[in-house]
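Novice: All chains, please: the whole structure from these sequences, using the hints.
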Amino acid sequence: MSTWIAIGVTALGCYVVKLLGLLVPAGVLDRPLVKRLAALVPVALLAALTAQQTFADGRMPVLDARAAGLASAALALLLRAPFLVVVATAVVVTAGVRALGA
Amino acid sequence: MAVGLSGFAFGVTSAGSGLTLPQTCALSLLVFTGASQFALVGALAAGGSPFTAAAGAFFLGVRNAFYGLRLSQLLALPRFLRPFAAQWVIDETAAVSLAQPTRRAGRIGFAVTGLTLYVLWNLTTLLGALGADAIGDTRAWGLDAAGPAVFLALLAPMVRSGTERAVAGLAVLLGLGLLPVLPAGVPVLAAALAAPLVLWARGRRERTKEEGR
Chain A
1 MSTWIAIGVT
11 ALGCYVVKLL
21 GLLVPAGVLD
31 RPLVKRLAAL
41 VPVALLAALT
51 AQQTFADGRM
61 PVLDARAAGL
71 ASAALALLLR
81 APFLVVVATA
91 VVVTAGVRAL
101 GA
Chain B
1 MAVGLSGFAF
11 GVTSAGSGLT
21 LPQTCALSLL
31 VFTGASQFAL
41 VGALAAGGSP
51 FTAAAGAFFL
61 GVRNAFYGLR
71 LSQLLALPRF
81 LRPFAAQWVI
91 DETAAVSLAQ
101 PTRRAGRIGF
111 AVTGLTLYVL
121 WNLTTLLGAL
131 GADAIGDTRA
141 WGLDAAGPAV
151 FLALLAPMVR
161 SGTERAVAGL
171 AVLLGLGLLP
181 VLPAGVPVLA
191 AALAAPLVLW
201 ARGRRERTKE
211 EGR
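Which chain is which? The protein sequence lines are A and B, in order.
So that you can map any letter, position 72 of the first sequence is 72 in the numbering used here, and since no number is skipped, the others follow by simple counting.
So that you can map any letter, position 145 of the second sequence is 145 in the numbering used here, and since no number is skipped, the others follow by simple counting.
One or more hints might be untrue.
Simulated DEER-style distance windows between Cβ atoms [to be verified]:
#1 B:G131 x A:I5: 24 to 30 Å
#2 B:P180 x A:A39: 26 to 32 Å
#3 A:A71 x B:G177: 16 to 22 Å
#4 A:I5 x B:L197: 28 to 34 Å
Quick caveat, the hints were computed from the structure, so don't treat them as lab data.
The structure presented is a predicted model; accordingly, all values stated were derived computationally and were not measured.
All residues carry an ideal CB built from backbone N, CA and C; glycine is no exception.
Specialist: Below you can see the structure in the form of structure tokens.
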């Protein structure tokens with residue numbers, strides 16, 4: 001049940017912000033500080049989420065096969081690999097390291 | 001193509017996080033903004049409350065309001081159409097539409113990209129969720145690394161200047177450091193504070209520099 005609540009709240013919230021952009025008159029959100037924050041908040045959220053989903057199990061910090069997978073994904077990004085290759089690299093390397101028993 | 005793979009990865013990740021097939025598909029149909037969906041299922045899997053989980057997903061979705069703002073100037077949609085068009089206001093439709101030279105081309109680009117991605121995203125989500133059941137243990141296949149890899153691939157093009165690197169670095173420290181001390185889902189929201197903190201620190205430094213001149 002709580003999962004459905006989360007889905008409902010997220011769906012409503014995400015729809016409202018999409019609609020808001022189309023409805024509000026230009027200039028209301030068009031301020032330098034608001035724009036800077038809107039660009040930087042996703043950076044902060046994505047960085048924190050990447051770190052948590054790589055280096056934590058629930059609430060405990062851990063170092064496991066996912067770290068190797070993400071490191072290889074980062075390398076693929078540096079080599080300008082397409083999105084598909086980046087995600088596939090992370091998955092394959094993580095599975096490989098686990099299969100080797102790490 | 002990339003959207004197809006993320007949709008599949010989302011379906012697999014969501015199923016692996018313990019969401020049912022209808023829940024997974026409802027997310028792709030109703031939320032339809034990838035990063036928010038990944039964040040939500042990740043937070044729920046970590047044991048976050050539905051509201052903290054939804055808050056993290058919501059803040060990731062706020063950027064779509066700024067796409068909408070620019071799109072509404074370009075497309076000039078009639079008011080009655082806007083509630084229907086809104087669901088398709090995402091990274092990809094904004095990128096395609098805003099690259100068009102004329103209003104007409106922008107409208108066509110928005111409609112074609114929106115429809116194609118909406119169908120593809122939902123279809124591949126369904127396949128991923130069904131596939132996850134067939135695969136069984138998603139961890140053995142390394143599929144729990146797909147979510148963070150998607151985040152990293154989304155993050156990489158956003159990090160260009162020192163300000164963005166500082167925000168990302170501070171957010172990682174806050175997100176991991178606060179994990180054992182705050183309830184699940186809250187550390188990510190606390191990490192979002194890295195954005196205003198870094199902006200404030202930069203502004204202060206610049207002011208000090210100017211006074212020193």
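Novice: Hints first: check each against the structure and report whether it holds.
Specialist: Cross-check of the supplied hints:
A C-beta distance of roughly 27 Å is found between B:G131 and A:I5, which places it inside the suggested range of 24 to 30 Å. The hint said 26 to 32 Å for the Cβ distance between B:P180 and A:A39, and at roughly 30 Å that hint holds. For the hinted restraint 16 to 22 Å between A:A71 and B:G177, the CB-CB distance of approximately 21 Å keeps it satisfied. With their beta carbons about 31 Å apart, A:I5 and B:L197 fall inside the hinted range of 28 to 34 Å.
Of the numbered hints given earlier, the model fails none.
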